[in-house]
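Peer 1: So the chains spell out like this:
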Amino acid sequence: MSVISVKGVSKWYGQVVAVSDISFELEPGVIGLLGPNGAGKTTLLKMLGGLLWPSKGEIQLFGQSIQNNAALYKKIGFCPEPDALYDFMTGQEFLELNAELLHLTDRKSAALKALEFVDLTKQKDKKISAYSRGMRQRTKLAQSLLHDPQLLLLDEPLKGADPTQRRAIIELVKKLSEAGKTVLVSSHVLYEVERMADSIILINRGRLVALGDFHAIRESMDGKPHKVLLNVSDPPKFGALLTERAVVSGVNVSPDGLVVEISDSDKFYGHLPKLAVESGVLVRKIVNLDDDLESIFKYLVK
Amino acid sequence: MFSLGIFKLGLRQLAGEHRLFFLFFMLVLASLPMLIAFIMLYAHESRSVDFLEASRGLFDGLILLFVIPVIALIFSSAILREEIQTQTINYLVLKPISRATIALSKWLATMVLVVLLVVYSIVTMALVFNDSASVGTYLISGLLAALAYGAFYFLLSLLMDRVLISGFIYLIAWEGLVASISQQAKYLSIRYYAGNVEQALLGNLKIDLPINTSAVMLIAIIVMCLLLASWKLSKMEFPGSSE
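Here the protein sequences line up with chains L and R, keeping their order.
In terms of this note's numbering, the first sequence opens at residue 1 and continues consecutively.
In terms of this note's numbering, the second sequence opens at residue 1 and continues consecutively.
Keep in mind that the hints were calculated from the coordinates and are not lab data.
Mixed in with the good hints, there may be bad ones.
Straight-line distance between alpha carbons at most 20 Å, and here's what the computed EDC-like set of lysine to aspartate or glutamate pairs gives [what the hints assert, rightly or not]:
no., chain 1, residue 1, chain 2, residue 2
1, L, K56, R, E237
2, R, K235, L, E58
3, R, K8, L, E100
4, R, K8, L, D106
5, L, K227, L, D290
6, L, K124, R, E17
7, R, K235, R, E82
8, L, K126, R, E53
9, L, K127, L, D148
10, L, K127, R, E17
11, L, K75, L, E100
12, R, K8, L, D125
13, R, K8, L, E93
14, L, K298, L, D264
15, R, K206, R, E53
16, R, K8, L, D87
Stretch-level coverage of chain R by chain L, calculated; a stretch enters the list once three of its residues show a Cβ under 8 Å from a Cβ in chain L [claimed, not checked]:
no., region
17, 85-92
18, 96-103
19, 179-186
20, 229-240
Just a few of them, taken from the derived set where beta-carbon distance is under 8 Å, the chain L residues facing chain R [said to hold, decoys possible]:
no., residue
21, W53
22, N68
23, A70
24, P82
25, A84
26, L85
27, L112
By construction, the Cβ of each residue, glycine as well, lies at the ideal position given by its N, Cα and C atoms.
Turn these sequences into a full structure, and let the hints guide you.
Peer 2: Spelled out as structure tokens, the structure:
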């Protein structure tokens, strides 16, 4: 049984389609939900959390529908994206209230533990209205962690956090993954998702564009040109040879070496050793420049 | 069907230290009958005032007609609508608590404050007129009216955004105008049933409906509105702002 099962889910508002016929299943681990603004990330997360109902299709969490199934929230933590909190409360009061609503027996210690987790212990007695954006963000995250949920749905949890806090949140998410939790985290900051996610769901204009391990996705994109940096002993000579033998579609000499654009990975990597021997050029290093999330994102949403 | 946490949250949202100005305004509103009673006494020299008649006039013409519905409207319209608009409702509906429990607990928190203010308003006015004979009648009919208005406006707040405007339109256009000239429309008026309960308890024999029918109608309005509000909240989606 998958932790999350989404089958043929669509969501529309009148004539506007926010999410269109999306299907996937997720197992424990950190999954990055990626997409440009307006792609449908928040709509999808809200449907998973039961804040919105699908117009079509079915969503199951732990094999159950979330619709009118309040008991399921014992297993789910949700960190919403809006910067909305009860400003008249202190951080500790807010977390104790959430602990009470989660039916936790020792609310105070659960609240203190969550505050410690997000490094807000010193500010626990301050009114939330006096919190900075990053502190508010961490307070929202803390309320989603209070009951040690099996599934965490985090909508832009890094928004508003400073670099130190971002690092801390990323480490926290990694720890949760190591503890066997399922964490679905939405973001448009690709390099941060890359640092914490095992796999990605990429959506654009409400449609699923890619799903899975992002290195595997990159490999599946063979045929689409991507760039490779070659650190070689004689860049001009080796570049001319690669062009002459038509194993690359473009060549540039940069201070770091030879940047080649390839369309057929098998052909390129198959010919590379032979050409190096033939030309007597020493190949010191091969770096795939497009094996990062940013490049994958650009390719897939084009 | 009741969450103490949500009840306490509701009380704090409406009457916390951050709402002092709002509470002061509500207290002034609830004090209006008492202030007018004082003015009547001192302006006309106390001997010339028929205490009983003046007390009934103020209850019918001010408390039942204006103070109770307005206090109920202001409190009931804010309690969930503000949470939906600011999206703090997410922290409630994403918890292992049924939405019916959320609705009922919030409404009860509202009603505690409404009832306190209505009791204060009636008792202080009755004290000024030294009208201890009618105070029980006023309290019964006033509190039934307060609960019915509270449930009705609470439901309205889940059905539409601008509930204050709609609430005042109901109060002025429907109850004040249509129900006073139409024989049929008055049966869809909370004030009509509450007024009937009051008149029956005061011993007025020229009432349209027996007290039991009027009281049952008010209770039916309360129960129906709360059931509908719970149903509406359970079906509600929370899209918030677009991405």
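Peer 1: Are the hints correct? Go through all of them and say.
Peer 2: How the hints compare with the structure:
no., hint, result
1, L:K56 with R:E237, "holds (15 Å)"
2, R:K235 with L:E58, "holds (17 Å)"
3, R:K8 with L:E100, "holds (11 Å)"
4, R:K8 with L:D106, "holds (18 Å)"
5, L:K227 with L:D290, "holds (6 Å)"
6, L:K124 with R:E17, "holds (19 Å)"
7, R:K235 with R:E82, "holds (18 Å)"
8, L:K126 with R:E53, "violated (54 Å)"
9, L:K127 with L:D148, "violated (25 Å)"
10, L:K127 with R:E17, "holds (12 Å)"
11, L:K75 with L:E100, "holds (15 Å)"
12, R:K8 with L:D125, "holds (19 Å)"
13, R:K8 with L:E93, "holds (12 Å)"
14, L:K298 with L:D264, "holds (19 Å)"
15, R:K206 with R:E53, "holds (17 Å)"
16, R:K8 with L:D87, "holds (16 Å)"
17, 85-92, "holds (count 6)"
18, 96-103, "holds (count 4)"
19, 179-186, "violated (count 0)"
20, 229-240, "holds (count 5)"
21, W53, "holds (6 Å)"
22, N68, "holds (6 Å)"
23, A70, "holds (5 Å)"
24, P82, "holds (4 Å)"
25, A84, "holds (4 Å)"
26, L85, "holds (7 Å)"
27, L112, "violated (18 Å)"
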